[in-house]
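Based on the provided sequences and hints, a complete structural model is requested.
Heads up, the sequence shown is in our numbering, so the first residue is 1 and it goes up one at a time.
Hints were generated in silico from the structure; no laboratory data involved. Accuracy of the hints is not assured; some may be wrong.
Stated by the list, open to error - Below, computed lysine to aspartate or glutamate pairings styled on DMTMM-like, alpha-carbon distance capped at 20 angstroms:
id	residue 1	residue 2
1	Lys50	Asp123
2	Lys235	Asp126
3	Lys46	Asp248
4	Lys212	Glu200
5	Lys28	Asp143
6	Lys175	Asp185
7	Lys216	Asp185
8	Lys201	Asp227
9	Lys46	Asp94
10	Lys50	Asp132
11	Lys175	Glu204
12	Lys201	Glu163
13	Lys229	Asp248
14	Lys175	Asp162
15	Lys212	Asp185
16	Lys46	Asp132
17	Lys216	Glu200
18	Lys50	Asp126
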Amino acid sequence: MNDLNAMAVPGNVTPLRQRNILAVASGKGGVGKTFFSITLTHALTKLGRKTLLFDGDLGLANVDIQLGLMPKRDLGQVIDGVVTLAGSTTRYTDGGFDIIAGRSGSGSLANLPPARLNQLRNDLTDMARSYDNIVIDLGAGVDRNVRTFTAPAGICLVVTTDEPTSITDAYAFLKLSYQANPMADLRVVVNMAQTRNEGEKTYETLLAACRKFLGKSPQLAGIIRRDMKVRESIKTQTPLLVRSPTADAAHDIMALAQRLTNG
Numbered sequence: 001m002n003d004l005n006a007m008a009v010p011g012n013v014t015p016l017r018q019r020n021i022l023a024v025a026s027g028k029g030g031v032g033k034t035f036f037s038i039t040l041t042h043a044l045t046k047l048g049r050k051t052l053l054f055d056g057d058l059g060l061a062n063v064d065i066q067l068g069l070m071p072k073r074d075l076g077q078v079i080d081g082v083v084t085l086a087g088s089t090t091r092y093t094d095g096g097f098d099i100i101a102g103r104s105g106s107g108s109l110a111n112l113p114p115a116r117l118n119q120l121r122n123d124l125t126d127m128a129r130s131y132d133n134i135v136i137d138l139g140a141g142v143d144r145n146v147r148t149f150t151a152p153a154g155i156c157l158v159v160t161t162d163e164p165t166s167i168t169d170a171y172a173f174l175k176l177s178y179q180a181n182p183m184a185d186l187r188v189v190v191n192m193a194q195t196r197n198e199g200e201k202t203y204e205t206l207l208a209a210c211r212k213f214l215g216k217s218p219q220l221a222g223i224i225r226r227d228m229k230v231r232e233s234i235k236t237q238t239p240l241l242v243r244s245p246t247a248d249a250a251h252d253i254m255a256l257a258q259r260l261t262n263g
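Structure below.
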């Protein structure tokens, strides 16, 4: 299950990549990354996978908010030494998966010392042995925290939209990631596409830049169509696959999850 192509990260020994760890990243905020992470985790669970969602946005944790949860345990308590990382999991019964929540409304976790951050990453990697998949919802950009938690992921899904700034920032993320590890398995997710055809055009624009300037061709993981049901889901703090399982976006993410499980 381990891939020897590991990404250089700050401090400590670089962990081996594990194919069952999926990192969800973006060059900028506002592209629907957390919504996608939650729905992908739920979709994998519905496909029979034992799955954990880890809120790796240490500066602006909000997985619990989108799901309307008030977890008794979170990463803050892990850092404080109150519980272990494994002991901080919360079962999300409506989705059938586990969550490790961040500490909402606190930026304190964003400035962890490198050694503590690396230990957190290593503990998460150890937990991967107990799950079919771990989905890491990363913060936007490519700061130290993002690089650290991307390191053990076998696949990194880079979320973008058709907005020029989003495409540009996604390209920047891909460029820096390939520079760190030329063998990284980076895949593009086009979110909020007006149509599949428009989503393919967005991907082609990003792909052309990667081929021309980086000599790389990140594959398309999937296109998620713009869907008003998504906004309703977020507003009511109810997972899309619970509230509107037949919605276009729900279908698209289920299909994406199926492709991931098939390799």
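Here is how each hint holds up against the structure:
Distance check on the hinted pair: lysine 50 and aspartate 123 sit about 18 angstroms apart at the alpha-carbon level, within 20 angstroms; holds. At most 20 angstroms may separate the alpha-carbon atoms for a hinted pair to count; lysine 235 and aspartate 126 exceed this at roughly 35 angstroms. Restraint check for lysine 46 and aspartate 248: the C-alpha separation of about 17 angstroms stays at or below 20 angstroms, so the hint holds. As the CA atoms of lysine 212 and glutamate 200 are separated by approximately 18 angstroms, the hinted pair is consistent with the 20 angstroms bound.
With a CA separation close to 12 angstroms, the supplied pair lysine 28 and aspartate 143 stays within the 20 angstroms bound. Distance hint between lysine 175 and aspartate 185 is fulfilled; the C-alpha atoms sit about 13 angstroms from each other, no more than 20 angstroms. Between the alpha carbons of lysine 216 and aspartate 185 the distance comes to roughly 11 angstroms, so the proposed pair stays at or under 20 angstroms and holds. Distance hint between lysine 201 and aspartate 227 is fulfilled; the C-alpha atoms sit about 18 angstroms from each other, no more than 20 angstroms.
A hinted pair counts as satisfied when its Cα atoms are at most 20 angstroms apart, and lysine 46 with aspartate 94 qualifies at roughly 11 angstroms. With a C-alpha separation of about 5 angstroms, the suggested pair lysine 50 and aspartate 132 falls inside the 20 angstroms cut-off, and the hint holds. Between lysine 175 and glutamate 204 the CA atoms are separated by roughly 16 angstroms; this keeps the pair inside 20 angstroms, and the hint holds. This hinted pair checks out: lysine 201 and glutamate 163 have alpha carbons roughly 12 angstroms apart, not beyond 20 angstroms.
Our distance criterion of 20 angstroms between C-alpha atoms is met by lysine 229 and aspartate 248, whose separation comes to about 9 angstroms. Restraint check for lysine 175 and aspartate 162: the C-alpha separation of about 18 angstroms stays at or below 20 angstroms, so the hint holds. This hinted pair checks out: lysine 212 and aspartate 185 have alpha carbons roughly 18 angstroms apart, not beyond 20 angstroms. With a CA separation close to 12 angstroms, the supplied pair lysine 46 and aspartate 132 stays within the 20 angstroms bound.
Proposed proximity of lysine 216 and glutamate 200 is supported: the alpha carbons are some 17 angstroms apart, at most 20 angstroms. Between lysine 50 and aspartate 126, the direct Cα distance comes to roughly 15 angstroms. Compliance with the 20 angstroms bound is thereby established for this hinted pair.
The structure fails to meet hint 2 from the earlier list, while all remaining hints are met.
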